[in-house]
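Below are the chains, spelled out letter by letter.
Protein chains: 2
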Amino acid sequence: MSMLAALLAALPLPMVQAQPEAPPPQSPGEIVAAAPLSEWRSIEARDLLVIDLAPAGRGKQRRVVIQLVPAPYSTGWVDNIRRLASAHWWDGTAVVRVQDNYVVQWGDPTEKKPLPAGIRSVPESAYVTPLDAIGATQPTIEGRDLSERAGQAARLSEIAIRDTVTPRAPQGWHERDSYAEWVELIGGWPIAVSGDAATIPHCYGMVGVGRNLSPDTGSGAELYAVIGQAPRHLDRNIAIVGRVVAGMEHLSGLTRGTGDLGFYKRASERTPIVRVRLASELPARERPRFEYLSTEGEAFARYVAERANRRDAFFNVPAGGVDICNLPVPVRAVAP
Amino acid sequence: MSMLAALLAALPLPMVQAQPEAPPPQSPGEIVAAAPLSEWRSIEARDLLVIDLAPAGRGKQRRVVIQLVPAPYSTGWVDNIRRLASAHWWDGTAVVRVQDNYVVQWGDPTEKKPLPAGIRSVPESAYVTPLDAIGATQPTIEGRDLSERAGQAARLSEIAIRDTVTPRAPQGWHERDSYAEWVELIGGWPIAVSGDAATIPHCYGMVGVGRNLSPDTGSGAELYAVIGQAPRHLDRNIAIVGRVVAGMEHLSGLTRGTGDLGFYKRASERTPIVRVRLASELPARERPRFEYLSTEGEAFARYVAERANRRDAFFNVPAGGVDICNLPVPVRAVAP
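Protein chains in written order, with my numbering: chain A, 1 to 336; chain B, 1 to 336.
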């Protein structure tokens, strides 16, 4: 039998064909709700960017909270963003652009506001992060290392075949997609790997740094959040600096701009930004607190497997796979 | 050298490494704008569902136009939808649910409104369509037919390798993804193929039929539009009956519901639907007219290749691939 056929034979059966005695399937949401406290990780206050938009009708508060990416990802831009927040630079700026199925963007509408001292220019090389800096390892199939250079073609083909089976709990979920050699989740974040470097993919709710044409890489003062189908063609071309963990609906539900690229034509259409602060710079009692579900735990592995093969009552046919951008890392608010 | 290595060697180089003498690259939008009239296809009036929502502030009109899927896809549901429109059944109904990064859903809030005569129940088997009914053929690589049963594993691996090179113009773009053995575009619509059957994938803007638990398949009276990352796990589990071709922003920009699954808690939050008509049942002068870009033409093939490898000025690194849901078929309004 061929190497490929042997691989197929060696792989576990899809979960949907698993033991009939198995307990009734839980939905991904039920798995997350039942995850033990030990698998939740606290997000540091210095990693939370709190944006207060002007209240909506009837004074309804609109707060958006962004979790900044941890080192070693995009550290230059994240440093700039902390400086901008500490300088209260965004206070009085606005949401200037809402392009349907693409991004919501905010910053200084005049594009003339001076930046605070210490804002640095970050090189394009920082759009990606070396694998060894994040502890990522080449995927293995059935324990066989696939990293050797000459094995590139074989690795892709084997990963492709692996994709046709249920991701296995508790570890080892990898999937290749149209944009990367493989994708997985490490340390609470999705990564997309090409060659020896990783980048955080442009999934729904991810926050990136607006920029002009190369070699400009953006300062971090102009930010956007993804509000539609993941624009993965931006991966490795723009810095991802965070993800929206609360209040996404206050951005995604905004009226779309009617100018080019979804920019608002009139200043009156913009949503004012009242203030932006790091949670660590808010009075202790005002600090929002959040936790994310560890991507290395048992609950997350089961969440991935069920997202890839929904067996809860509504579903007739399991997908047999899942896109990295359909695996949002569960995040929850916790009482201060 | 191995069969796989031989394949790699035989494949064309990525376009980004193509002749330096090539003309300056066009963006996908520029390619579409320059497409000849001969590659645009008119959409029949009977295939356009025109939804007029209650005007927004200052009497601003909010019209959403949906292109119904052509036979042989979902024909039972589409027949029902034409009956419902002809009976003016949706007049006075409402948008009842807006769940962020998922769907906007509309229908009868009371769920008690009697359906018109002639509405049929459609079997679950109609969620997919046999390949031979739509003229789809198994993908071939370098002219070699990969359809033979025994070749399944090899086919997947070869398609995976093909995915690592630029899709070739003018024909033959196929890509496998996490949800289907391969995907492509035929007759103006994306298809996702598993086994010998195809389904239209749940991409942004696609319109599906709300249903209860199996064996219910929905009548077509309760519809939803996808407003976030493609929920491809719904493929083969729900009927897709169309796509929004105009006015998407009037759905995607609605305030999210705060009830379970994004349903509105109060009736006052719902967006009233004033009337729904087939364009063919509107007075000739009121009929909106649309065209789509042929997915079999040269312009579309170039559009796919450029979407997969952006070379316009903003981009530093081409993706080398593209997700089927990042290949919206270009549709344009034309003067009545």
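By construction, these hints were calculated from the structure, which means they are not laboratory data. Just to be clear, a hint being listed does not mean it is correct.
Chain copies aren't distinguished; within one or between two, either way the pair holds.
To be verified - Okay, derived cross-link-like pairs now, DMTMM-like style, lysine to aspartate or glutamate, Cα gap no bigger than 25 Å in a straight line:
{"id": "1", "residue 1": "K60", "residue 2": "E44"}
{"id": "2", "residue 1": "K112", "residue 2": "E296"}
{"id": "3", "residue 1": "K60", "residue 2": "D196"}
{"id": "4", "residue 1": "K60", "residue 2": "E249"}
{"id": "5", "residue 1": "K265", "residue 2": "E249"}
{"id": "6", "residue 1": "K265", "residue 2": "D132"}
{"id": "7", "residue 1": "K112", "residue 2": "D196"}
{"id": "8", "residue 1": "K60", "residue 2": "E296"}
{"id": "9", "residue 1": "K112", "residue 2": "E269"}
{"id": "10", "residue 1": "K60", "residue 2": "D260"}
{"id": "11", "residue 1": "K60", "residue 2": "E269"}
{"id": "12", "residue 1": "K113", "residue 2": "E249"}
{"id": "13", "residue 1": "K112", "residue 2": "D91"}
{"id": "14", "residue 1": "K112", "residue 2": "E298"}
{"id": "15", "residue 1": "K112", "residue 2": "D52"}
Cross-check of the supplied hints:
In this assembly of identical chains, K60 and E44 lie within 25 Å of each other by CA distance neither inside one copy nor across copies; the values are 27 Å within and 45 Å between. Proximity of K112 to E296 under the C-alpha cut-off of 25 Å is found in neither arrangement, the shortest distances being 44 Å within a copy and 47 Å between copies. For the homomeric pair K60 and D196, neither the shortest alpha-carbon distance inside one copy (47 Å) nor that between copies (52 Å) is at most 25 Å. For the homomeric pair K60 and E249, the shortest alpha-carbon distances inside one copy (13 Å) and between copies (23 Å) are both at most 25 Å.
With identical chains, the CA atoms of K265 and E249 are at most 25 Å apart both within one copy (22 Å) and between copies (16 Å). In this homomeric assembly, K265 and D132 never come within 25 Å of each other (Cα to Cα): the closest approach is 46 Å inside a single copy and 49 Å across copies. In this homomeric assembly, K112 and D196 never come within 25 Å of each other (Cα to Cα): the closest approach is 39 Å inside a single copy and 58 Å across copies. For the identical chains of this complex, K60 and E296 are neighbours neither inside a copy (38 Å) nor across copies (50 Å), given an alpha-carbon limit of 25 Å.
In this homomeric assembly, K112 and E269 come within 25 Å of each other (Cα to Cα) only inside a single copy, at 20 Å, whereas the closest approach across copies is 39 Å. Only between protomers do K60 and D260 lie at most 25 Å apart by alpha-carbon distance; the minimum there is 20 Å, versus 30 Å within a single protomer. With identical chains, the CA atoms of K60 and E269 are at most 25 Å apart both within one copy (18 Å) and between copies (15 Å). For the identical chains of this complex, K113 and E249 are neighbours neither inside a copy (28 Å) nor across copies (31 Å), given an alpha-carbon limit of 25 Å.
Proximity of K112 and D91 under a CA criterion of 25 Å is satisfied intra-copy only: 15 Å inside one chain copy versus 50 Å between copies. In this homomeric assembly, K112 and E298 never come within 25 Å of each other (Cα to Cα): the closest approach is 50 Å inside a single copy and 44 Å across copies. For the identical chains of this complex, K112 and D52 are intra-copy neighbours only, at 22 Å inside a copy versus 42 Å across copies, given an alpha-carbon limit of 25 Å.
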